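Protein sequence lines, in the order shown, are assigned to chains X and E. Note that this note's numbering has the first sequence beginning at 1, numbered continuously upward. Note that this note's numbering has the second sequence beginning at 1, numbered continuously upward.
Bear in mind the hints are in silico, worked out from the structure with no lab data behind them. Small disclaimer: the values here were computed from a predicted structure and weren't measured. Glycine included, C-beta positions come from ideal geometry on N, C-alpha and C. Fair warning: there could be bad hints in the mix.
Here are the simulated lysine-lysine pairs, PhoX-like style, with alpha carbons at most 20 Å apart [as the list claims (entries may be wrong)]:
#1 E:329 with X:82
#2 E:185 with E:234
#3 E:265 with X:78
Not the full set, but computed from the structure, chain X residues with beta-carbon under 7 Å of chain E [unchecked claim]:
#4 84
#5 90
#6 91
#7 97
#8 101
#9 131
#10 133
#11 253
In silico negatives: residues of chain X with every beta carbon more than 10 Å from chain E [to be verified]:
#12 54
#13 106
#14 148
#15 158
#16 249
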Amino acid sequence: MLDYLISGISLGSVYAIIALGYTMVYGIAKMLNFAHGDIIMIGGYAAFCTGYYLHWPVWLAVLFAVVVCTVLGVVIEKLAYKPLRNATSLAVLITAIGVSYFLQNVALLIWTSNPKAFPNMLSFIPYVNIGRIQITGTALGTVVTCIVVMVALTLFTDKTKMGKAMRTVSEDKGAASLMGINVNGTISLTFAIGSGLAAIAGVLLCSAYPTLMPTTGAMPGIKAFTAAVFGGIGSIPGAMIGGILLGVIEIFAKAYISTQLSDAIVFAVLIIVLIVKPTGLLGKKITEKV
Amino acid sequence: MKKLSKDTLMSFVNYGIVILFYIVFQILASTGNLSSTMKGQLIPIVSYVIMALSLNLVVGISGELSLGHAGFMSVGAFTGAVVSTALTDGIPNTVVRLLISIVIAAVMAGIAGILIGIPVLRLRGDYLAIVTLAFGEIIKNVLNCLYVGVDRRGIHFSMNSTGALDLQEGGKVVINGPMGASIMKISSFTCGIVLLLLVLFVIQNLIKSRHGRAIMAIRDNRIAAEACGLNVTKYKLIAFVISAAMAGAAGCLYALNFATVAPKKFDFNTSILVLVFVVLGGIGNMTGSIIAAALLTVLPELLRQFQDYRMLIYAIVLVLVMIATNNEKIRGLIKSIGKKNKQESSGKEAA
Chain X
1 MLDYLISGIS
11 LGSVYAIIAL
21 GYTMVYGIAK
31 MLNFAHGDII
41 MIGGYAAFCT
51 GYYLHWPVWL
61 AVLFAVVVCT
71 VLGVVIEKLA
81 YKPLRNATSL
91 AVLITAIGVS
101 YFLQNVALLI
111 WTSNPKAFPN
121 MLSFIPYVNI
131 GRIQITGTAL
141 GTVVTCIVVM
151 VALTLFTDKT
161 KMGKAMRTVS
171 EDKGAASLMG
181 INVNGTISLT
191 FAIGSGLAAI
201 AGVLLCSAYP
211 TLMPTTGAMP
221 GIKAFTAAVF
231 GGIGSIPGAM
241 IGGILLGVIE
251 IFAKAYISTQ
261 LSDAIVFAVL
271 IIVLIVKPTG
281 LLGKKITEKV
Chain E
1 MKKLSKDTLM
11 SFVNYGIVIL
21 FYIVFQILAS
31 TGNLSSTMKG
41 QLIPIVSYVI
51 MALSLNLVVG
61 ISGELSLGHA
71 GFMSVGAFTG
81 AVVSTALTDG
91 IPNTVVRLLI
101 SIVIAAVMAG
111 IAGILIGIPV
121 LRLRGDYLAI
131 VTLAFGEIIK
141 NVLNCLYVGV
151 DRRGIHFSMN
161 STGALDLQEG
171 GKVVINGPMG
181 ASIMKISSFT
191 CGIVLLLLVL
201 FVIQNLIKSR
211 HGRAIMAIRD
221 NRIAAEACGL
231 NVTKYKLIAF
241 VISAAMAGAA
251 GCLYALNFAT
261 VAPKKFDFNT
271 SILVLVFVVL
281 GGIGNMTGSI
291 IAAALLTVLP
301 ELLRQFQDYR
311 MLIYAIVLVL
321 VMIATNNEKI
331 RGLIKSIGKK
341 NKQESSGKEA
351 A
């Protein structure tokens, strides 16, 4: 029982980190970045290549993955999303899907569709025993990383000037630019942070579930997006709670009900939550004015 | 003679395009100028055109983003598979059997549409989109665990395995969990085109009807429409259920064209594919949906010579087309070029 809870929280922490990226981008650019899941996959491959082929130390491989994804995120934003800043949200959505196909197929050409066995990059963390329960190093590392990321991100958006600029832009772009805030720069920064987080999530995900394929990021991407909506999209603590709850529900459903139906159960819970609370657990209620 | 309005003219253009498409491909097929891969693509093209039209009803006319349309397609596909197998002995005529299968598939998908629509349509915007996505995934997951068999006593269902179906001798397993359904191919291109014309007829007349105007009024301004006494949920549900039923019919037509169909075929990516047809063709524009769905279904086949690069090219084309059609500056540029040409030609005429 407690074992399941721990593996659930561990999986949920990965979802939470991915969901943070989704939520930040949604909050500021009001777009569903469907390519986010594929950035996770690219991050996984970047860490895999440097860590496995070039035998770089773990911290350097992870750093490299973060840099690659950050640059990739900013480039994608500049090339594909920026020209569509004032277009309808559906047009941006389809563009994001196009970018997602693009990344998947580039990965397919470079690394082929054969799954790669990802080495556990968190294996240096020792086991921890609490009473009779054993917590694996991977689970511990994932949860600790998630908490660090969460705290750092909350401090960043609440305390720093750039974080303040971010919140302003997400509130009202026009007023923000009148106040002398560089709106485009702030949006790029958000994409950079979101993509950097995706790289970390990629390494954590592949360390826990060690098969790496060009489609690795797709399903966790969708689930993390669900988690973000679950917690109330646009809210940072919401993404965190949503992610962890989703992970716990998924593992429990797998263990006690049915492995095949676990995804169906996760989505059913989401639907029930949204019907009871239409803007997610921590979402802001916006009343429409005529 | 009464002059036709622009809308009426456009709807006749749509029927014309479909009929022309049918005639051209029938001639090509009968003279043997059609490659076998293209022949195999004809029914999928028709199915995807119907899918695009039905999704356009939800996205374009009703103004709600649905990301789970493939779910309805799979409900139709698997209903069609079961019905057509169950009726094999009873109705030997394949055309009649196909029609009955399509009707029952549409009804089942419509019922699924009501069940999903009632909770979903209370939500708005992106939340509605994510819930339709979730429902699509749930339908796929449940179908993955579904086992259905047919014997003389009737149809048997199970969620565990084929053994639990307890079939009599001579019974047949129709749906085998993740392996999908085994089907007799009875779809025909002609039936598909007739179905497509029917779908087009229903949509175009719905748009022009009182109900259609109500649905579009709600799309344009929900609060104002509500203030005028329109029942928002009712009209949204009408559009959603009709769309679901059409998707079910398309799914049935699609499935009965293959020997086997797995639930995996109708996943999130298929929903997105259809959404791409709708958006590229122009939201709310039925002609655009028909052309975009037909072209984009064939495009990966045409790009086959590029092999590994074809999906990459598809992705790049998709992004570039979206930027070209939606960026203000590029749009302005195209418009100004168009204007210049017009001015020049009108200038010549005047001279």
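Here is what the structure says about each hint:
The straight-line distance between the Cα atoms of residue 329 of chain E and residue 82 of chain X is roughly 12 Å, inside the 20 Å bound, and the hint therefore holds. This hinted pair does not check out: residue 185 of chain E and residue 234 of chain E have alpha carbons roughly 38 Å apart, beyond 20 Å. A C-alpha spacing of about 34 Å is found between residue 265 of chain E and residue 78 of chain X, which places the hinted pair above 20 Å, so the restraint is violated. The beta carbon of residue 84 of chain X is positioned within 7 Å of a beta carbon in chain E (closest approach about 5 Å), and the interface hint is therefore held.
Of the supplied interface hints, the one on residue 90 of chain X holds, with its beta-carbon coming within about 6 Å of a beta-carbon of chain E, less than 7 Å. Because the closest C-beta pair between residue 91 of chain X and chain E is about 4 Å apart, less than 7 Å, the hint holds. Given hint, residue 97 of chain X at the interface with chain E, holds; its Cβ is 6 Å from that chain's nearest Cβ, closer than 7 Å. The beta carbon of residue 101 of chain X comes within 4 Å of a beta carbon in chain E, closer than 7 Å, and the hint placing it at the interface holds.
Nearest Cβ of chain E to the Cβ of residue 131 of chain X: about 36 Å, over the 7 Å cut. The hint is violated. Residue-level restraint check for residue 133 of chain X is violated (minimum Cβ-Cβ distance to chain E is 31 Å; threshold 7 Å). A least Cβ separation of about 11 Å between residue 253 of chain X and chain E goes past the 7 Å threshold, and the interface hint is therefore violated. A cut-off of 10 Å between C-beta atoms confirms that residue 54 of chain X is not in contact with chain E; the least separation is 26 Å.
Taking the minimum C-beta to C-beta distance to chain E, about 7 Å, the non-interface status of residue 106 of chain X is violated against the 10 Å cut. Annotated as non-interface, residue 148 of chain X keeps its C-beta farther than 10 Å from every C-beta of chain E; the closest such distance is 28 Å. Every Cβ of chain E is farther than 10 Å from the Cβ of residue 158 of chain X; the closest lies at roughly 25 Å, confirming the non-interface assignment. No beta-carbon of chain E is positioned within 10 Å of the beta-carbon of residue 249 of chain X; the least distance is around 13 Å.
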